[in-house]
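The whole structure should be built from the sequences, with the hints applied where relevant.
Going down the list, the sequences are from chains B and R. The numbers in our numbering rise by one with no breaks, and the one at position 251 of the first sequence is 251. The numbers in our numbering rise by one with no breaks, and the one at position 198 of the second sequence is 198.
Misleading hints may appear alongside valid ones.
A pair counts as met if it fits within one copy or between any two copies, since identical chains are not told apart.
Claimed, not checked - Result set (EDC-like, lysine to aspartate or glutamate): computed pairs, CA atoms no more than 16 Å apart in a straight line:
id	residue 1	residue 2
1	K588	E544
2	K588	E466
3	K412	E84
4	K543	E507
5	K543	E584
The hints are simulated quantities; they were obtained by calculation from the structure and are not laboratory data. Since this is a predicted model, take the numbers as computed values, not measurements.
2 protein chains.
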Amino acid sequence: MALLDLFFGKPLASTDERTEQIGPSSGVAIFGLDGLSSAAYGPEAALTLLLPLGLLGVHYIVGITSAIILLLLIVFISYRQTIEAYPNGGGSYTVASENLGAGAGLLAASALIIDYVLTAAVGISAAVGALISAFPRLQPHTLGLCLAILAVLTLVNLRGVRETGAAILAPTYLFIACLLLMILLGIVHTVVAGGHPHPYISPAHLPAASTAVSFWLLLRVFSSGCTAMTGVEAVSNGSTAFREPRARNANFTLTIIIATLVTLLAGIAWLCRTYGIGATDPNSPQYQSVLSELLGAVSGRGVFYYVSMTSILLVLALSANTAFAGFPRVLRVIAVDGYLPNVFMLRGRRLLYSWGVYVLVGLTGLLLLIFRGVTDRLIPLYAIGAFLAFTLSQSGMVMHWRRHPSPGSKVKMAANGIGAVATGITTVVVLVTKFTAGAWITALLIPLLIGVMLMVHRHYQRASREIALNTPLNLQNLQQPRVIVPIDRWSRVSEKALRFAMVMSNEVQAVHVQLADEDDRKTTSICDEWNAMVAAPLRAAGKEVPELVTLQSPYRFVLLPMVNHVLEQEQRFPDRHLAVLVPELVVKHWYEFLLHNQRGNLLKLLLLVRGNQRIVVINIPWYL
Amino acid sequence: MALLDLFFGKPLASTDERTEQIGPSSGVAIFGLDGLSSAAYGPEAALTLLLPLGLLGVHYIVGITSAIILLLLIVFISYRQTIEAYPNGGGSYTVASENLGAGAGLLAASALIIDYVLTAAVGISAAVGALISAFPRLQPHTLGLCLAILAVLTLVNLRGVRETGAAILAPTYLFIACLLLMILLGIVHTVVAGGHPHPYISPAHLPAASTAVSFWLLLRVFSSGCTAMTGVEAVSNGSTAFREPRARNANFTLTIIIATLVTLLAGIAWLCRTYGIGATDPNSPQYQSVLSELLGAVSGRGVFYYVSMTSILLVLALSANTAFAGFPRVLRVIAVDGYLPNVFMLRGRRLLYSWGVYVLVGLTGLLLLIFRGVTDRLIPLYAIGAFLAFTLSQSGMVMHWRRHPSPGSKVKMAANGIGAVATGITTVVVLVTKFTAGAWITALLIPLLIGVMLMVHRHYQRASREIALNTPLNLQNLQQPRVIVPIDRWSRVSEKALRFAMVMSNEVQAVHVQLADEDDRKTTSICDEWNAMVAAPLRAAGKEVPELVTLQSPYRFVLLPMVNHVLEQEQRFPDRHLAVLVPELVVKHWYEFLLHNQRGNLLKLLLLVRGNQRIVVINIPWYL
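Right, here's the structure in full:
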């Protein structure tokens, strides 16, 4: 236990929990982290797809980013209204299942599950991308670094979330400050240089255009860029954490986050065009993230560069951390409704839904392994989940306003309706443009997850129907069980079992399996022993003598004849319980376990698998 | 079961067993296989060490082989006497423990265990060596081929040994015929060419001498060459298999085997010198076995070459098979004496000691993996075990003759004495010369194995002392147990448990663990339920109402409070048995298992580990 305590902290009592009461300044960091960090990979994802256009591609980034910002503002307005309507937390799953029914809820649930895993995977891989931009020599170790960060996050999170709250503020604000300063520096340089600034460090040379602009290409670029919008739903999910007036504080926080994100996206796009900075091939050893190139261009590789890159790395890694907070909670909410195994409802020693963490770590690790920790390969899977959740949430809000008419609800319904349509169209665009690049995986996983959840639900429903009992204790037919005692030879263990059996019931049967390997002498000896050691004293005391049954086993199986005998007895006495006493040697050390045959355990297992309601197994332990 | 039958054959009844009754012609194949196949790697092992001497080294092989043949003849005479004295099977373990005591027996046992594993590993790796000599392109797959052969042997052997007997005769006699023909051809060519035959295919060029001859080098060569003697003890181990007159048939068989082996060894050595054929580096892509080179030199790569190489491959693979027959039997004999776990005494469905096979396969696979399937690297570990067993067996025979004086026993004692001294010296020589090359592993494993066997023995002795009972059934103090029923909420499962408890005893206690997470309403409801569903009907029937105990659990642990409560009750009633009824849901499909918490199983485990003689666990299964 001491070792567990050291790694994971002492167990926390349930009463240690408190509702966190935060204001906008903490809120921007805690709930903005995920959304703001998207600025570090969203524009890059778009620019990577513009690579084939060469220098020309860089000019399109401003237009694409404008479209994304417009969509972002629509979503912003929609979520303001969700927060007002659901001040106690309006995650997509809640909003969708409450307003659109269980089916929509499950769709949102599976979208969220996939999205959280990708948030963790993309956050980690983008953080490692920042690291290898600063230190290119680390590139061959991309996957190893990703898994190392995952391991650290796991350990930190298994200690519990409370410690992580405080550590988030500083890096997030540092990140915002650095990127804003970078944009400011870029503007100043550009103005001073009359529109054509000279970069401190020249960005990587962009290849010549190898393809012409097409609408399809721009759609794909837009789809990739939309990953910049992931995470903006965090405030509405977690609005319970804000202090009163809850909705106002939450909405103020959301406004600041969106404003900052818009500034960052716009600034990055404008700087890219001005400096002519595109993406670099993530598979080449010369890979450098776009933000690294931008920082190098506006300030060179000085202190500012390294401080900024560190903040980017930290914020991306921490954004993966938001999945550790959110994923287990989502699984829990779904499990409470009976759509996922109960185990996700158990809170571990540190008040955490531990099994959710295990599943998240497993799936994230798997994703990182499959895609070798390269962000660019993960991007096509991302965004669909997020936009599907957006769409369902906004559609749910439309229904909400229809059901709860109030002054102004028409306008709100229209706003959410526009949001639903815009995000719905985006979902389709992302799915279609990214389908072959990996979105098909997400498209396949969503129905699969829904299927699993439906099966789990059906099982639980059936099980609880079968077990439920509304009548009082039945006192009829309270009869002693018939007891069967397997016996090998006369020993302290068999004496203990026999004594226990005789107390339980007057109908006791001792059963001996005679292996064909043994010579007949041994069989004689068990009968002799039985007469001398059991039958004689019982007769002398005037008590009933249990029956001794000997089973033949030509194939040397010990357990099968025993199990068959029990089942046969069970059929002969259809109205009785049958208790089988299984003696079991308990050893002090684990290695001694190997020295004794595990027939007792196997017999228990076989009786459980082949038995039925009326067969009860009783362990008679003997401690060596 | 059908699938099992297909792969492993139908189960065999014990009565299906018969004593095999074989004569010398089958005997030579069955018991000679292991010894004769040594001719395929023994000379090669010696020649590999002579490589640094270049062409000069090849000349030494005749002298070295003569020494080995002399030793072989001494061992031959010794074993003839063992067979006469132990016509019912005189393995080293039997002879040593009967005549020299348990310590010597254990030493022989561990030597045999190691030797058998190496027989399997070397047989397989040498077979693959033959294969890659014929088809050099297969060399990169050495390890894979080794493991494939191991897999085939495992499957064949798990079906049982009876089928394998017949398959041995043909390859063994083919092998003998091919090698004798090769030697004959070599002699004819040499005579015709006046002492300097022209090879059909020139053997690999031997490198220039890089070191001078030294006594130490020749000792090492001799040690390696001694692996040619492994396996000659097979006849004396298995003499029970011969038909009467048993000793005569066995001895005649042994004579033929030794004569053949001597002829092969002498012929190979002479041919190597005449044709100037040395070994090739087993790690180089140009590797070819010595026999492959010899065959190429005397006959070219025609039909004869490929037939011979096939017979070599088969015989080597089959010699590994002798380990599959012998190893489990040795483990069984040791287990019968209580020095190894009982499990090695169990015969599986096909009359085979299955666990011995599993252990052999595991260890052989491990050896092949560690040494990458290269025979040359395995050789230094080999031979020590065999020679240690020889020495102990001969020494045991010396004691045997001393204890059973008879006319001529003095002469026999002297013969066995010479054998003991000769093999004893060889053991020391092998150990010293090969120590750094790998013999240290064997030297380390032998005392380790002895230690393990002694510990196992001590444990069994203690356990059987503790369990043994010579007094009749004690009828004092037959008291009903106190019964504890864990209860979560009122359901069919708890009703069943409660009914069972009430039949067993008048002292029943229901225990509910209240988690801190749950609101108080639920606790109230369990009390209300209890009163309505249990207490009320019992009071109405005028029966005693079981006590309901509620345990608080601030840390949300369910099991720990339960276990502590049981232990506390156990201490409060030191003279009573305590029965804990653990309800358990049994599901139909394995995947449904994941949907239910395994608290029942964990509770059983915890009660077993932390409990004692007076705590009995009763499974109340509920089939969904």
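We went through each hint and held it up to the structure:
For a Cα distance limit of 16 Å, the shortest separation of K588 from E544 qualifies neither inside one copy, at 37 Å, nor across copies, at 40 Å. Taking CA atoms no more than 16 Å apart as the test, K588 paired with E466 passes between copies only; the shortest distance there is 14 Å, against 40 Å inside one copy. Proximity of K412 and E84 under a CA criterion of 16 Å is satisfied intra-copy only: 11 Å inside one chain copy versus 106 Å between copies. Proximity of K543 to E507 under the C-alpha cut-off of 16 Å is restricted to the intra-copy arrangement: shortest distance 12 Å within a copy versus 24 Å between copies.
In this assembly of identical chains, K543 and E584 lie within 16 Å of each other by CA distance neither inside one copy nor across copies; the values are 27 Å within and 35 Å between.
The structure fails to meet hints 1 and 5 from the earlier list, while all remaining hints are met.
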